[in-house]
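Chains as they are written, first to last, in our numbering: chain A, 1 to 868; chain B, 1 to 490.
Worth double-checking, as some hints may not be accurate.
Subject to a maximum C-alpha distance of 20 Å in a straight line, what follows is the list of computed SDA-like cross-link-like pairs (lysine to any residue) [said to hold, decoys possible]: (1) A:Lys842 <-> B:Ile15; (2) A:Lys332 <-> A:Pro296; (3) B:Lys442 <-> A:Glu270; (4) A:Lys842 <-> B:Leu13; (5) B:Lys107 <-> B:His86; (6) A:Lys359 <-> B:Asn271; (7) B:Lys471 <-> A:Tyr298; (8) B:Lys442 <-> A:Arg539; (9) A:Lys214 <-> A:Arg325; (10) B:Lys263 <-> A:Arg282; (11) B:Lys442 <-> A:Gly263; (12) B:Lys471 <-> A:Lys332; (13) A:Lys214 <-> B:Leu13; (14) A:Lys842 <-> B:Thr14; (15) B:Lys471 <-> A:Asn288; (16) B:Lys401 <-> B:Asp304; (17) A:Lys214 <-> B:Gly467; (18) A:Lys269 <-> A:Lys411; (19) A:Lys731 <-> A:Gln768; (20) B:Lys318 <-> B:Arg376; (21) B:Lys316 <-> B:Asp406; (22) B:Lys107 <-> B:Leu342; (23) B:Lys325 <-> B:Ala292; (24) A:Lys304 <-> A:Lys411; (25) A:Lys752 <-> A:Leu767; (26) B:Lys346 <-> B:Leu418; (27) A:Lys842 <-> B:Phe12.
Derived by calculation from the structure, the hints in this document are not laboratory data.
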Amino acid sequence: MSKQVQIMNNQRRHLTAFFLNGLLMTVFSTLSVANGLHPDVAIMDAQGNPVVESGLPMSTMTSCGGDCHETTYIMSNSDHADAGASQLGHGENTHGWQQGPGYFGGWDPVAYDTDGLSASAGMDIKAWLKRYGPRHVGGGPVAGLVEMDCLLCHTDIDHSAREAALRSGDFAWANSASLASLGILVQEQGQWLWDRSKFQAGGVLDDGLLDIRKPRDENCAQCHGLAENNLEEPLTISADQYSRHNTDRTGQIISPQKLLNSGLNISGKESLNYPFDVHTDRVVGCVNCHYSLNNPVYFRQREKSRPLHLDFDPRRMSSADYLVRPLHQFAKGQSTLGLAASNTENSLRRCESCHNAEKVHEWLPFKQQHFTSLACESCHIPRLFGPGLQAVDWTLLDSEAQPLRHYRNVKGDPVAVDSLIEGFRPLILPRVNAAGEFRLAPFNLVTTWYWTAGDPATPVSRSQLEKALFTGAVYHPDLVAELDDNNDGQLSGEELRLDDVTRANVVRNRLEAIGLTGLQIKSDVTPFSISHNVVNGQRATRDCSYCHDRDSILAAPFLLSDYLPGGLLPQIVSYTNVKFSGEVKVDPAGSASFVPDSYSAGFEIIGLHAQRWADLLGLLMFMGVTLGVAGHLTARYVSASRRAPVERQYERVHMYDAYERLWHWLQASAIMILLFTGLVIHKPHFFGMFSFPYMVSVHNVLGFVLLINAALALFYNLASGEIRQYLPEPKGFVARSMAQAMYYSQGIFAGKPHPLQKTKDNKLNPLQQVIYLAILNILLPAQVITGVLIWGLQRWPVLAAELGGLPGLALVHTLLAWVFASFIVMHIYLTTTGHSPTAGIKSMIGGWDNVEKHTGGSLSEEPQGESR
Amino acid sequence: MKTRKRNWLPGFLTILLLIGIPLWLFTGADEPNLDTPWESMLKRPAHVDHKGLYSTMGDLTTGQEVTAACLSCHEDAGDQVLHTAHWRWESDPVEIEGREGLFSTGKKNTINNFCIGIQGNWASCTACHAGYGWDDAEFDFEDQGNIDCLVCHDNSGTYRKGPAGLPLEGVDLLAAAKSVAMPTRENCGGCHFRGGGGNAVKHGDLDESLYFPTVDIDVHMGRYNFQCVDCHQTKDHVIGGRSISVSVDNKNQIACTDCHNPKLHSDERINSHTDTLACQTCHIPEVAVKQATKTHWDWSAAGDDSKEEDAHHYMKIKGSFVYEKNLRPEYRWYNGLTERYLVGDKINNNGSTLMNPPKGDIRDAGARIWPFKIHRAKQPYDVDNGHLMIPVTSGQGGYWKKFDWDQALRLGSEITGLDYSGNYDFAATEMFWPQTHMVATKDRALQCQACHAENGRMDWQALGYDGDPIKQGSQTRRRVADEQTGADHE
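Modelling step: build the complete structure from the supplied sequences, incorporating the hints.
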């Protein structure tokens, strides 16, 4: 009951503050009041007394707690405070020496947090705080020393004093120290003193001094990456790039600025007329997607725990309840390294929760197929323009005791404004989504190299490294003696690369000299998934050849490292939520790349994964037929020139009805266009001048033209009885076939007459009948069915899958296309074997043919009309 | 035989259709191009070389002789010009909402908050009149002989006008006459870029940087070398366009949408803005990008000998100024019409007197949010009569020579007939300049965050919204839109 009264009091207080602020807003309407809701607060110490009276440090737990927010609830339900501490000992670890999967006690080879790893002795919390405290919100495992600092995320005050206090071990005053930037707190002779003049009665801060509000992008950016919403100042890389992890490790930059208006020296930027991140551009802030998981405005039950019939459960906390107990676990997606917050994995809304992709991808061939194979990000994050790491080499330190950092897309210092940045294409790998399905999604891979020592092996710490490598401020003479290739007494540039065993041994000896044993170089290739820096449909990858081509991004080598310390091949760290299908390859120059292979992960890509043997077989058949035809033609020509022309009598016959001719030419045109467009789709890199999606559309349309034409012709043939012409007459079939075969192989060269008379009712010789039966009953239906299934893959996925899925269907379709092509060569050639080379074609155009008058001969005596 | 030769044709055409029609139906034509601005551009007339045409026309030693020479061939031109605002400096009589009767307004008889008014100061002001000899109230507006053809048509670049609009001594009028052609930016800019008595003073979006504009200054002029008259299309010497500094009606106005489709953006969200925003609002993110423009003018500070003279901060004859470069416009609803402070109107005793406040508000379906340069001034008024005064400044016995406000105002009142009690002070005034030139390239257009971020540039409450409409929506505007579409259906 008393709790309820408190809440009501709170509400009243909020209301009063709201109206007061409303009044203020009216008066100072030109002033932008970001959030008028939060009242001015009293700054309390841990005992709940105003600090201005007690002189003690601020306690966020009491100042923000008390009657308002339930701070213990907030702190104990915060992944940011916990930092993975609660999973120590039972999380999913990737290395033997780490205690937990999270930030606290975990292993991050990029940041090289070896100080958190003193496994046997347990964690030295004070040492950890000094080093990592500035990146930690407080509370959780360090609650006894530093409280969770609400101001870190809910104000825009400068926190450098907090950082300094933590580094110096002044934990008690660390959170308070930030208030020094407002002049509330001053430090005199090492003593922190509250400035009484800034406080009202009851320890309440002066009006408007401290603006408390929801977190803005800049708050998140302190640790997570570079975020800059200012449109007026050209964006540059901040000096603390290394500590802005998402930017440093993936090149993601959160800014509405258009790339061409930014201060970055991006190659070709004048044509990059779009913002770094379209969501930021459209005023979607970090917390709009990464919302508190019980925020009644955003909260959405996960599919797993939601009844099928319910999209939205309207029963939820009131805003007032939420303000008292705002859950500080935030919706997050599926990051490969999200191991410490596994219970909030995939709690984020997905792209589909806000966007209706179906409606705006009408232009996309195989829409459903693309949706079930690709994460939206794969096309909508085509390039990254922030400095993104490629490799961090801790096997040797540079003269400032820093590791060698190699950026994927920057030459030189990533922070310098004149360093040229190239946008880089992320690697596309299968990543599991919220529904447990693998979709191709973008990643950056960061390769790290470092020494391990001892048994069981643990990474050599930074201090040990420095001790081994340096004497005072300079390199140990042994290193200079062995590694200084240009003999200038310095180690710089590529001299710092331990790119063979001999060079690696120089450092190994030094490490052994300081007492380490069991030394090994270890490498980790860590995948970082990429979900920000989304571009809109206009800028997304629309070029089919990006994937559907020989140079497909899905098969392109992704550079891991220019050199291999100790000659060691980079080792991939496996995570359950990403499939590393592909292999690491080393090229002769000594660089290592990851070559993805989506085929082995079950993704068949048209235009990339064509089966070479099928094409080879098809080509052989095609060439064989062509060569045979050419040989036959040559022999005919030669034999004809050696003998006198034979005079024959011809009879003019109306051979082909108008419908037959129309059917024939429509089918012929359709097949020719289908063969051509099919070839373009099959081997797009040979036909760069054609629009791939247009070719796909044309192919689909012509396929249906062919199908309808064939169906109508079947009806015609059935209804008219013409179908009989296609059916071989069993009686004498062998003899007639032999006769026809003998004619083609001998008689034709001797100028003999055709063995079988062609009449209107018996146009096809037995060989033709067999061939056409095969074509019309096997080849054409098979080609049409596979074609329709490929086209309809998205409509009947189950059926299509049972018939071999795209890989099987495409293979059959390709092979049959080669047969068709070969048939056409043969077919056209055989039209020239009539009484004159063009007679066949002319008769199919005009309908009239001259047929030989057969006056004698045993074969021709057979009654032609018998089949009637 | 002939017929047999062609008998394949119907079959061929049938096949073509049988394949072509499905392809046409199902492969989908490319999206139609929504932006076809060049179709609306007038072709510039072919140039007629006038070099050889003056041999029989005398020496052409005065402007009027040039005019006579022009009119001897261009017989209708004189009469056409007599009816234009460039000649008359006032509009045809129009009604003004809320007032009785018809009003002709223009430079001739209105008051502004720069140099205030031309009455009594004709000679210096009419240096920009497209005529010769207007130096008192008696100027004859029906005399074609005093039309100044050259100020608009000289292409030699050497023609200059002085007091009362007469050609300056030393100008080679024959050379100027030989050069005549379609007006260029130099012709228009000679007056309009120097409005307010100097480069960049008045408009904010018009200044001498437009003589040789880069694409960053104005996309039309910088990228495509537009001349003023390409947009200000002219018929019978009536030049298209209206300025609310002098006009109260909205006829013959020019709009971006004369050439551009307002729904041309590929983004639906952006297209939905065009019912609410003028194109200019996003596409002119800032003005005075090269030259600072005057934003404040305090006449009451004039006459102080002790202050240092500086054309951009203080002049004894004019008072103190503020100039701003890269000026961020202010935003107001505007439906193309304005209120107008007319000579003799009472001033506003609660705050600034608005000389030409734009009409329209959130409930006005025809109104859009527009960018304005607002020029704020303090200028003399009669305390007892409660109206703004027009002082004689450059004219005989005026303030610029005598530094005596009482005398300047008294002389002014004798000319204008405006009552003067002798009791004067300085009143705050605001004058509105819609920003429509200096259109930025599209990559510089405003982005969402410019207005919809927490510190955006729109004052939503002042515009009539409950708050940022991206979060709060706007019931009012939606209702207006619904009513509008409802009305359209009927």
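Looking back at the numbered hints, which does the structure fail to meet, lowest number first? 12, 13, 24
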